[in-house]
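Q: If you read the sequences in order, they're chains P and B. For reference, each letter of the first sequence is one residue, going 1 to 290 in the UniProt record's numbering. For reference, each letter of the second sequence is one residue, going 1 to 290 in the UniProt record's numbering.
Please keep in mind that the hints were generated in silico from the structure rather than gathered at the bench. It should be emphasised that the depicted structure is a prediction, and the values quoted were computed from it without experimental measurement. Using N, Cα and C, we set each Cβ at its ideal position, and we do this for glycine too. Hints may be right or wrong, so weigh each one.
Unchecked claim - Covered by chain B, according to a simulated footprint, are these stretches of chain P (three or more residues, beta-carbon under 8 Å):
#1 112–122
#2 169–176
#3 199–210
As the list claims (entries may be wrong) - Facing chain B, a subset of chain P residues (Cβ under 7 Å, in silico):
#4 L188
#5 V189
#6 L190
#7 E196
Number of protein chains: 2
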Amino acid sequence: MVVGGGPRLAGSCLGILAGGGPLPGQIARTVEGLGCRVFIVGFQDFAEPRVIEPWPHRYIRLAAAGEILSCLRAEGCRDLVLIGPVRRPSFSDLRPDAAGVRIMGRIGRALFSGDDGLLAAIMRVLTEEGFVIHGAHEFLSGSVGRSGVLGRIQPDLRALADIRRGQDVVEAIGRLDIGQGCVVQDGLVLAVEAMEGTDRMLLRAGECRQPGRPGGVLVKMLKPGQDFRADLPTIGSDTVRRAAEVGLRGIAFQAGATLMIDSAACIAAADEAGLFLMGIDEGAAGMPTT
Amino acid sequence: MVVGGGPRLAGSCLGILAGGGPLPGQIARTVEGLGCRVFIVGFQDFAEPRVIEPWPHRYIRLAAAGEILSCLRAEGCRDLVLIGPVRRPSFSDLRPDAAGVRIMGRIGRALFSGDDGLLAAIMRVLTEEGFVIHGAHEFLSGSVGRSGVLGRIQPDLRALADIRRGQDVVEAIGRLDIGQGCVVQDGLVLAVEAMEGTDRMLLRAGECRQPGRPGGVLVKMLKPGQDFRADLPTIGSDTVRRAAEVGLRGIAFQAGATLMIDSAACIAAADEAGLFLMGIDEGAAGMPTT
Numbered sequence: 001m002v003v004g005g006g007p008r009l010a011g012s013c014l015g016i017l018a019g020g021g022p023l024p025g026q027i028a029r030t031v032e033g034l035g036c037r038v039f040i041v042g043f044q045d046f047a048e049p050r051v052i053e054p055w056p057h058r059y060i061r062l063a064a065a066g067e068i069l070s071c072l073r074a075e076g077c078r079d080l081v082l083i084g085p086v087r088r089p090s091f092s093d094l095r096p097d098a099a100g101v102r103i104m105g106r107i108g109r110a111l112f113s114g115d116d117g118l119l120a121a122i123m124r125v126l127t128e129e130g131f132v133i134h135g136a137h138e139f140l141s142g143s144v145g146r147s148g149v150l151g152r153i154q155p156d157l158r159a160l161a162d163i164r165r166g167q168d169v170v171e172a173i174g175r176l177d178i179g180q181g182c183v184v185q186d187g188l189v190l191a192v193e194a195m196e197g198t199d200r201m202l203l204r205a206g207e208c209r210q211p212g213r214p215g216g217v218l219v220k221m222l223k224p225g226q227d228f229r230a231d232l233p234t235i236g237s238d239t240v241r242r243a244a245e246v247g248l249r250g251i252a253f254q255a256g257a258t259l260m261i262d263s264a265a266c267i268a269a270a271d272e273a274g275l276f277l278m279g280i281d282e283g284a285a286g287m288p289t290t
Numbered sequence: 001m002v003v004g005g006g007p008r009l010a011g012s013c014l015g016i017l018a019g020g021g022p023l024p025g026q027i028a029r030t031v032e033g034l035g036c037r038v039f040i041v042g043f044q045d046f047a048e049p050r051v052i053e054p055w056p057h058r059y060i061r062l063a064a065a066g067e068i069l070s071c072l073r074a075e076g077c078r079d080l081v082l083i084g085p086v087r088r089p090s091f092s093d094l095r096p097d098a099a100g101v102r103i104m105g106r107i108g109r110a111l112f113s114g115d116d117g118l119l120a121a122i123m124r125v126l127t128e129e130g131f132v133i134h135g136a137h138e139f140l141s142g143s144v145g146r147s148g149v150l151g152r153i154q155p156d157l158r159a160l161a162d163i164r165r166g167q168d169v170v171e172a173i174g175r176l177d178i179g180q181g182c183v184v185q186d187g188l189v190l191a192v193e194a195m196e197g198t199d200r201m202l203l204r205a206g207e208c209r210q211p212g213r214p215g216g217v218l219v220k221m222l223k224p225g226q227d228f229r230a231d232l233p234t235i236g237s238d239t240v241r242r243a244a245e246v247g248l249r250g251i252a253f254q255a256g257a258t259l260m261i262d263s264a265a266c267i268a269a270a271d272e273a274g275l276f277l278m279g280i281d282e283g284a285a286g287m288p289t290t
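Using the sequences provided together with the hints, build the complete structure.
A: See the structure below:
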């Protein structure tokens with residue numbers, strides 16, 4: 001089944017494995033609008049009720065893999081999409097069901113690699129179980145950050161140099177499966193993201209900020225070789241406001257590989273705060289194609 | 001003038017440019033014990049009175065470069081050593097004197113590179129001014145962390161694997177002049193150090209810790225190509241206790257390139273807390289030479 005001019009589905013129902021945030025609902029709306037059924041498995045403690053409850057759904061614990069797989073099969077979902085943040089659960093909180101234990105065995109050491117390694121292993125297991133995994137960007141083409149400057153504010157030459165340095169940094173840490181972001185101010189790397197996530201890195205960058213100089217730039221990129229089907233960098237208007245609060249002057253993200261939650265709201269927030277928002281093409285900072 | 005079997009000095013008095021911590025006093029004691037004069041320039045707000053006041057000294061603001069240079073010349077110090085942490089001052093706090101402004105011009109863009117770039121530029125200017133810069137390790141040979149396991153606790157194979165991964169991470173971030181440390185737990189990089197320093201990174205690593213698995217390992221290394229004369233990684237018993245508090249199980253440092261503040265106290269603190277302390281040879285984690 002082909003959804004609109006969009007992705008080709010193997011079955012008649014798209015299963016959405018949903019973490020937090022509004023994007024699971026946006027995907028459901030898009031897919032239903034194109035005449036295809038959806039079923040949302042909301043990860044307990046992560047999925048937001050107001051987002052998923054308008055759609056056919058069920059809450060299941062992250063580690064109840066047996067329950068998740070049989071639910072998806074019962075609903076006729078051969079196609080899956082993983083969307084929305086979850087925190088890496090602690091071992092003591094996991095309490096996997098019987099299938100969960102078996103699957104954890106198949107994931108093996110990757111349980112303790114970086115997010116990228118872990119997600120790749122989970123997608124491998126789901127594929128072995130007969131599912132087809134799609135990327136969220138296939139259903140959210142209007143929400144994928146495009147190349148070039150998106151709002152009214154233009155980065156100056158020094159900001160472009162900071163973006164270029166940030167790209168080098170994120171590429172280096174991404175290659176080691178550490179994280180997807182960093183903050184650079186006038187050549188100085190203020191903070192590098194690992195397990196703590198972007199929000200906490202932004203706070204720290206604000207505290208390490210060098211006064212009397214132009215503000216820093218947040219750079220978010222995919223890890224080199226990262227699978228597009230999981231954990232795309234995501235930017236919302238709250239990210240923009242938080243960046244402004246800690247004194248940054250812009251955000252650069254990888255064009256074509258970053259999900260924007262309501263891009264009009266992001267751009268409005270950036271314009272209001274005086275921040276630039278810029279989609280960069282991989283390996284070509286400072287040379288937007290639009 | 002040769003100090004004991006130690007470093008050869010160009011003049012008769014060693015000038016110590018002192019930041020915080022006890023090491024300026026340790027160097028003064030060693031050098032005076034070998035029959036050489038010392039004069040300490042204590043950086044205001046950083047140097048600790050109880051450490052430097054037993055020795056001939058003067059407090060000078062970090063940015064009062066003219067005052068620092070003329071004081072060192074008046075005291076007959078051609079040889080200098082930089083020791084003890086200072087925070088990178090904010091521009092608004094700097095208030096450089098006239099010579100300071102000229103020197104900042106000579107340092108130029110490096111003012112805004114990473115610590116390594118900045119310190120290299122400062123050492124270049126001091127050398128151009130006719131001073132000879134020595135490394136603190138030349139005067140503190142007894143305080144340089146040696147290769148191998150230092151205390152009672154031995155790292156197991158998984159800890160050695162974490163050390164190896166940490167070395168790769170620190171090498172990658174050091175190559176980009178970002179920082180000198182990271183924390184790895186069972187293959188997962190919990191935190192990477194940039195401008196915030198080791199103590200804050202340790203706190204964050206504790207918060208991102210994955211329960212139910214062996215604790216993480218702090219890895220501290222020189223940046224590749226870093227000049228040994230400035231900003232050697234330093235470990236004290238407080239570092240050890242802080243690492244234990246956040247649930248780490250060991251500290252690995254670069255042998256021959258790490259200063260230990262009272263190594264007996266470090267080892268005692270590690271033994272008491274059940275942490276291992278291990279000096280690693282560059283590029284040879286897990287293969288201590290002793």
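Q: Name the hints, by number, that the structure is in violation of.
A: Result: no hint breaks.
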